[in-house]
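Chains as they are written, first to last, in the working numbering: chain A, 27 to 410; chain B, 27 to 410; chain C, 27 to 410; chain D, 27 to 410.
Source of the hints: derived by calculation from the structure; they are not laboratory data. No incorrect hints appear here.
Because identical chains cannot be distinguished in the list, a pair is counted as satisfied if it fits within a single copy or across any two copies.
The calculated lysine-lysine pairs, modelled on DSS-like cross-linking and capped at a C-alpha distance of 30 Å, are:
no., residue 1, residue 2
1, LYS241, LYS199
2, LYS323, LYS184
3, LYS297, LYS215
4, LYS254, LYS199
Keep in mind that this is a model prediction, so the values were computed, not measured.
Number of protein chains: 4
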Amino acid sequence: MKKLKMGMVGGGIGAFIGAVHRRSARLDGGADIVAGAFDIDPAKSLEQGRNLGLDPNRVYRTYQEMIKGELALPREERADFIAICTPNHTHFPIAKACLEAGFNVMCEKPMTLTTAEAEALEALVRKTRLTFGLMHTYTGYPMVKLARDIVKAGDIGKIRKVVVQYPQGWLYKLTGRENMQASWRTDPKRSGRAGCMGDIGTHAANLAEFVTGLKITEVLADLSAFVKGRRLDDDGSVLFHMEKGVKGVLVATQIASGEENDLNIWVYGEKKTVAWYQENPNILRVLDQTAPEQVWKRGNAYVAAKSPAAARCSRTPNGHPEGFLEAFANNYINFCDTIRARMEKRKPTALELDFPGIVDGVRGMKFINAVCDSSEQGNVWKKI
Amino acid sequence: MKKLKMGMVGGGIGAFIGAVHRRSARLDGGADIVAGAFDIDPAKSLEQGRNLGLDPNRVYRTYQEMIKGELALPREERADFIAICTPNHTHFPIAKACLEAGFNVMCEKPMTLTTAEAEALEALVRKTRLTFGLMHTYTGYPMVKLARDIVKAGDIGKIRKVVVQYPQGWLYKLTGRENMQASWRTDPKRSGRAGCMGDIGTHAANLAEFVTGLKITEVLADLSAFVKGRRLDDDGSVLFHMEKGVKGVLVATQIASGEENDLNIWVYGEKKTVAWYQENPNILRVLDQTAPEQVWKRGNAYVAAKSPAAARCSRTPNGHPEGFLEAFANNYINFCDTIRARMEKRKPTALELDFPGIVDGVRGMKFINAVCDSSEQGNVWKKI
Amino acid sequence: MKKLKMGMVGGGIGAFIGAVHRRSARLDGGADIVAGAFDIDPAKSLEQGRNLGLDPNRVYRTYQEMIKGELALPREERADFIAICTPNHTHFPIAKACLEAGFNVMCEKPMTLTTAEAEALEALVRKTRLTFGLMHTYTGYPMVKLARDIVKAGDIGKIRKVVVQYPQGWLYKLTGRENMQASWRTDPKRSGRAGCMGDIGTHAANLAEFVTGLKITEVLADLSAFVKGRRLDDDGSVLFHMEKGVKGVLVATQIASGEENDLNIWVYGEKKTVAWYQENPNILRVLDQTAPEQVWKRGNAYVAAKSPAAARCSRTPNGHPEGFLEAFANNYINFCDTIRARMEKRKPTALELDFPGIVDGVRGMKFINAVCDSSEQGNVWKKI
Amino acid sequence: MKKLKMGMVGGGIGAFIGAVHRRSARLDGGADIVAGAFDIDPAKSLEQGRNLGLDPNRVYRTYQEMIKGELALPREERADFIAICTPNHTHFPIAKACLEAGFNVMCEKPMTLTTAEAEALEALVRKTRLTFGLMHTYTGYPMVKLARDIVKAGDIGKIRKVVVQYPQGWLYKLTGRENMQASWRTDPKRSGRAGCMGDIGTHAANLAEFVTGLKITEVLADLSAFVKGRRLDDDGSVLFHMEKGVKGVLVATQIASGEENDLNIWVYGEKKTVAWYQENPNILRVLDQTAPEQVWKRGNAYVAAKSPAAARCSRTPNGHPEGFLEAFANNYINFCDTIRARMEKRKPTALELDFPGIVDGVRGMKFINAVCDSSEQGNVWKKI
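Only chain A is shown next, with the shape it has when bound in the complex (with noise of 0.2 Å):
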């Protein structure tokens, strides 16, 4: 297996989201980071990726000049994709330069600050053929997918109804100076149009579409921002309507206090009910009226008979617990996979195939700008 070279832009000390990817990115031995742009200042990328044990003259000092600098180098040499873990408006600008410099792309998420540049990105993704992945964690975990793959072969029958809650407690109030990242999550010019909506309700709605193969059709929200000087969503609740009648509801808060990241999601067919809770993530219960609820867990041969995805995506036996950051890693394996095919001229398989990308991307904004202008409206149904 060729160890992919990985770059980033953002990911600076002490920040979050970059370390995970880079953990992720490295836990499978498939890739490694070999060059960033870590922080606006100079100085701090340097000492990052001294930190990294880089090659300082692989640590930029905008995302600009590691595009030309890597581009510099020998195609051998060369990033094979750059992780873009910076705030979130300038996912867009970043991820378009790279595309448009050749560069494969995993993009932290929300994708863009709105849908035209969500769209304006799908085209470019489409045009270059290059390999874009958005980094949409929580469908990343294997009973996520078991649970996609039993909903898929027809064992809970049709489905009729979604439950979607999300609630988080880590903005529950302002403090004095709000952390680097609460910062930027509140400020609608670095954040987009929602705060809670577009940092935890895509994932919540992202994950109703993964396990249901079906898309959100239209929307009515009430959202609200609880914290006094909040400027954007802390809190919303989302009624649904998906393709083939389903109906559903979504609330992801972010003012939960002592809610840690508690992802849940319940399907309930005509036949049978599945549901997963991210915080017990290697289990999926599955509920039958007729029969004892069963529970399948991770790692065990009954699991990847039904789904060969969740199978692929584990790595410990049963019982020896995975989390989020093999959920996390999960995406890379097979945003790298694909990208090997594709490096050997060959098809992704579905298998390679099967990570978030830019088509959630676009999904994820008009969900957000549907959300939003309901709730501005007045609780009105919206289209997606």
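Starting from the known structure of chain A, fit chains B, C and D onto it as the hints suggest.
Chains B, C and D only, in chain A's frame:
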């Protein structure tokens, strides 16, 4: 303690809820059944009377006969209250007749078919000054009372948001012949305007109001009848607003295959969160962004110190689970103690009055009407 | 169904277990208290009789007077059975006197202070052919009956190993004045040779034998009295062997601060595992190396199909939790049905006879003796 | 941070634990593989080297060749440590050779086949002053470190009792051809004197000693080989005594069908209880007889305040689960930091030295011997 004499309308052979009333009223020794009109079929009524070991003279053919028959008895022998366990559409006429004849009433829910009936009953209760209980079982759980008292004490801070879920699966399909309960529960003429919303949505709404101490002021609902051939809603999603700027989401469904009776509530305050789960009712979770989660457990001194109402409604030591029947019985304890207080010509205490009654019944009817109106009119806000 | 008349010895004001007996016997309408000798202090006994609404003529000063007084009544009015809820050391003389006088007996556990007494009682029960119940509450839980029936059906294969844990915390320290219960429970003269092992170790052993259908043949125990000043064991660890080569471990402790009543059992068979947890009693886990875990839930048709005994001891629908009192009451249901069968001169069915009795009591005493002998003699194997 | 160079013996294609070592060492960027002798079959070893992207010159046929080959390289290129991931019986000679050649060693467990070997290795480690790690994964979990630090701080009071359970199911039967792992794990010549006790019993014992900070002084064991045809124990129950009067029970089994890797520990102190469950590793329960249960959750400030060691070994924010690989990697973090400290000629800090090593290995061998002796000699106490 004077043992109260219970009369019952409904609760014939095989009827679920009548048996629950009898068991619960009897559990703590505070009441027992002495009379009944159990079935439209007089022979079956008599048979049920025999099953229950009643004096055959006090097994009646109709509630009208029961009222007449009991009134003919000396006051000391007469039923002290009448429990109404019949299909929804008969609650109102029976309750009315009982109150008018001077009987205290414990009524199953929903209290009536219409708001007009509910308000008429309310007027009658006020006029007669009789004791009227409405069986919202779930607020009888000690840990729900604890939740209310923690909220009331300000421990979680000003409330921001409430999420209440109530999935069941038992109506996930129409069987060739729906069982007795299912048939009237899904028949508009006998069940009222709402199906799922009347049957369990009202429990969820009542729970939200009880724990928060706040009233729901408006709702926006999206109701469905997912099962082909069903005439009433079997599922609903509701956005709601409460007093003091609180927002909420209520999801109730009866088509969630394999879900049993999974009523859950989360209340998010400015400081903390409380969460309670009916299927694991002996604990209350208290979440706090700055400290370990606390799991309060029924039967402990620290519960009693915070909530005398919870302690009063707790029989067994910590770790010895109490359940649904005990919650039900707790409503009887307070209902009966209130009757006794009034017999003794003293004002019932706040602890004695801590059971659901006519006010909850009126609110329940208004809730049903508002959610049905909202859904029928295109998912718009409706005041309660 | 004939309502049986219950007499009670013990169960005075404030006594925990007497109230549980009364509530449980009464819950299903099959029995109710009519007579009692509640307290050594006659005034307190009378007061308790008043609290319970009894005829003062049937509130006695001593159990001897109760026996005499009840015998003086016409058979139809007389107590049908007597519940013994006194401190351990009085169980034997009271039970003996009741049986000799022709009364059926429901006895708290441990049944006696010594094996000799237990065997004497057993002989008396055989001789009198009266109905004798011993309140091992936990085998009254429906899901424990289901576990037994799953094992009996061979579904888990030949049993290999059993692990049973029973941690409690309420004796984790001596308070200045130990409460009433604690004082006699930790006094060898009144409690018997064992403390924790007699109080809860016997429950654990009984549960292991009940679920497996196998007898413990020998034990090796390591008992401790961790709390300074305590005269009896407050903790014990026991290795045991059962019939058919089964091995096991039993841990019972009352010094586990914060543990409430956490009786748990795991039975490992050649094919599958069953696991049950008293604090979450409405489910039974069935584990299988080759398939998803099954969670069986009380109140479902699939439970009834596997275990009529579980279905018979289940009142509320699935998802409406039953608890400790209901388990207790299940023992009363079967005990009372057995009495009724014998009143009707018919042989009780296996389902009616499904309650713990004299045989369990004798085995309990032998278990206590064996573990005490083993521990005192240096942790050596002792036959039961 | 200097990235350390890892050599590996074992860990060929398809081998589970070798892959875990590579992933874990690499996860945090502190080490990566540069050399290996992966398989007895040189072709397979080379193939694995290719899979891993290694320089073929550093893929060796034997560990002896690897030692020689690496020594031939300049010090800066040479492997900084060697991970030993071979069957049990080869750990000792390989570790010995590596240490004698001057290499730091990370060794799989059990460390050796005999206590004599273990002590010889201990002497060698002391003599060479090299860094030696032993992969007791479970003490790498942050919440285990927190448990230890809570105990150490005296928060639960003097310890009284410890219960540790470790059920697995994967050896519940012999398959026609046991898989590669199973075959050597159940062969006395390659696995050592014990089967289950060596494989997982030692983890359980190590965990008990780690959390309590106390040594097991004597054991009394009842070992079994339940599966016909198996030559080593596949199940064991152990009573044990620790320093300071602490008593304990250890149950480890590999025949518990459907159990996965359910290592659990409860430590009962005079004031409180701590409980941890490997399959739900991100929480630690703290029980207290006088207050609500506390659920401490990884990634929170209150954890860091109590346990810098836990905070240091935590990567993702609260609610983003970490698992087995991360625990494994935590041992590598501290192992590598200790190596770096010694490279820098400074004394490693207590936090850096917080990984299992030679002392744990010697104790593990003594534990194995003592439990085997005890069981073979009729379940008698054996000193460790």
